[in-house]
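Engineer: Whole structure, please, built from the sequences with the hints as guidance.
Taken in sequence, the protein lines are chains A and B.
Mapping of the first sequence onto the numbering used here: residues 1 to 258, in sequence order.
Mapping of the second sequence onto the numbering used here: residues 1 to 82, in sequence order.
Hints listed in this document are in silico derivations from the structure and should not be mistaken for laboratory results.
Idealized CB from N, CA, C, for every residue including glycine.
Each hint should be verified, as a subset may be incorrect.
To be verified - Calculated cross-link-like contacts (lysine to aspartate or glutamate; reagent style DMTMM-like; alpha-carbon spacing at most 20 Å):
1) A:K243 <-> A:E190
2) B:K23 <-> A:E142
3) A:K134 <-> B:D24
4) B:K73 <-> A:E249
5) A:K98 <-> B:D29
To be verified - With the C-beta cut set under 8 Å, the calculated list includes, among others, these residues of chain B facing chain A:
6) A34
7) V37
8) A44
9) V62
10) K73
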Amino acid sequence: MIDQSTVLLFITVTVASAVEAVEALTIILASGITRGWRSTFEGAALALACLAVIVVVVGAALIQYVPLYILRVVVGTLLLIFGLQWLTKAILRETGFKALHDECDIYEREVATLSQEKGIRGKRDSLAFVVSFKGVLLEGMEVIMIVISFGLAGGSHNQLETAALGAVVAVGFISAMGAVVARPLAKVPENYMKLGVGNLLTVFGLFWMGEGTGVQWPLGEVFILVLLAIIFLATVVLVSHFKRVHKREMEVQHDVKR
Amino acid sequence: MTSNDKTPSVLRRGIKSFFSFWKDFLVGDSPVLALGVIIILGVAYLLHNSAVLAPVFAIILVLVLMTFAVWQKTRTRRHSQP
Numbered sequence: 001m002i003d004q005s006t007v008l009l010f011i012t013v014t015v016a017s018a019v020e021a022v023e024a025l026t027i028i029l030a031s032g033i034t035r036g037w038r039s040t041f042e043g044a045a046l047a048l049a050c051l052a053v054i055v056v057v058v059g060a061a062l063i064q065y066v067p068l069y070i071l072r073v074v075v076g077t078l079l080l081i082f083g084l085q086w087l088t089k090a091i092l093r094e095t096g097f098k099a100l101h102d103e104c105d106i107y108e109r110e111v112a113t114l115s116q117e118k119g120i121r122g123k124r125d126s127l128a129f130v131v132s133f134k135g136v137l138l139e140g141m142e143v144i145m146i147v148i149s150f151g152l153a154g155g156s157h158n159q160l161e162t163a164a165l166g167a168v169v170a171v172g173f174i175s176a177m178g179a180v181v182a183r184p185l186a187k188v189p190e191n192y193m194k195l196g197v198g199n200l201l202t203v204f205g206l207f208w209m210g211e212g213t214g215v216q217w218p219l220g221e222v223f224i225l226v227l228l229a230i231i232f233l234a235t236v237v238l239v240s241h242f243k244r245v246h247k248r249e250m251e252v253q254h255d256v257k258r
Numbered sequence: 001m002t003s004n005d006k007t008p009s010v011l012r013r014g015i016k017s018f019f020s021f022w023k024d025f026l027v028g029d030s031p032v033l034a035l036g037v038i039i040i041l042g043v044a045y046l047l048h049n050s051a052v053l054a055p056v057f058a059i060i061l062v063l064v065l066m067t068f069a070v071w072q073k074t075r076t077r078r079h080s081q082p
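Structural biologist: Structure below.
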């Protein structure tokens, strides 16, 4: 039977991977449309192959040779840092203190930069290859961090497979969407996804870091849901408070200008 | 220039970019979050024998860190505005 932490793990990895896949797709589309598809696909394929090797080799080796409590401390700490970074940025975007991530704007800038460089469409294009390779590898590294972290902290190959499956589902879905619309996915509610994933990463990070250091969580794994409720509530309170602060500041600025 | 002269600089650049990648990845533009999480880790370890204090303090510290990080960023943005 599938337990609730496996379901939560699958959802977290899938949504987090989808956010990164949207960003990688923007780079691939900009490169493919301006420089040609052949080298762009080759760069992306090589990056995906590198990422798959990292998951298989690093993930399996770590499970076999590193004690579980050390893995949980390291993975929990990394996830907590990572989760709080996502959460803080998403709260700042939601409240208006930071501009929303605009995939169309990023796409236009990439297209403008790539169009300025000389190249031959149709033949092998080293710029398209490198841009696509770097884009997919860098965005993919964040996915890999999440896949390996979630896969390892559970302490079994099963968890690693579930996490990898979540990432594959997300990348497959976003790629299919990209192929259908052939332009950046501007309608994806990226900030809400980041708020959700930031919550989940923070909760899993705190839970596993605690487990690794010997903290006894009441109710065991069920306490993940309690942590989720606490962090979610805190997020809602922070968003509504800082939204009011931002609104007040805008009104003051408006009055000063008048 | 011989290939031996080039090797250290290529190696140095590789090491530098490796560490700068991880620094960007983990610290980014919020060193306070990385530092705060390390402090929470230390507190959780020190209190791990107490079944009540360890979870309570870990949760409170995460909430404080989250609030402080957001407040600090909003303050920085306000001060950087003309």
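Engineer: Assess, step by step, whether the Cα of A:K243 is no farther than 20 Å from the Cα of A:E190, and give holds or violated.
Structural biologist: Holds, at about 19 Å.
Engineer: Please verify that hint: B:V37, Cβ, nearest Cβ of chain A, below 8 Å or not.
Structural biologist: Status holds, d = 5 Å.
Engineer: Are B:K73 and A:E249 close enough, with their CA atoms no more than 20 Å apart?
Structural biologist: holds, 15 Å
Engineer: Does A:K98 pair with B:D29 here, judged by a C-alpha cut-off of 20 Å?
Structural biologist: holds, 14 Å
Engineer: For the hint on B:A44, does the least C-beta distance to chain A fall short of 8 Å?
Structural biologist: Holds. Min distance 5 Å.
Engineer: Can you verify the interface hint for B:V62: is its Cβ closer than 8 Å to any Cβ in chain A?
Structural biologist: holds, 6 Å
Engineer: Less than 8 Å between beta-carbons is the criterion; does B:A34 satisfy it with respect to chain A?
Structural biologist: Because about 5 Å separates B:A34 from the closest Cβ in chain A, which is inside the 8 Å limit, the hint holds.
Engineer: CA of A:K134 to CA of B:D24, is that 20 Å or under?
Structural biologist: holds, 16 Å
Engineer: With 8 Å as the cut and Cβ atoms as the points, is B:K73 at the interface with chain A?
Structural biologist: With Cβ-Cβ at 6 Å, under 8 Å, it holds.
Engineer: What's the verdict on B:K23 and A:E142, does the C-alpha distance respect the 20 Å limit or exceed it?
Structural biologist: holds, 14 Å
Consistency with the previously given hints is maintained throughout, with no hint failing.
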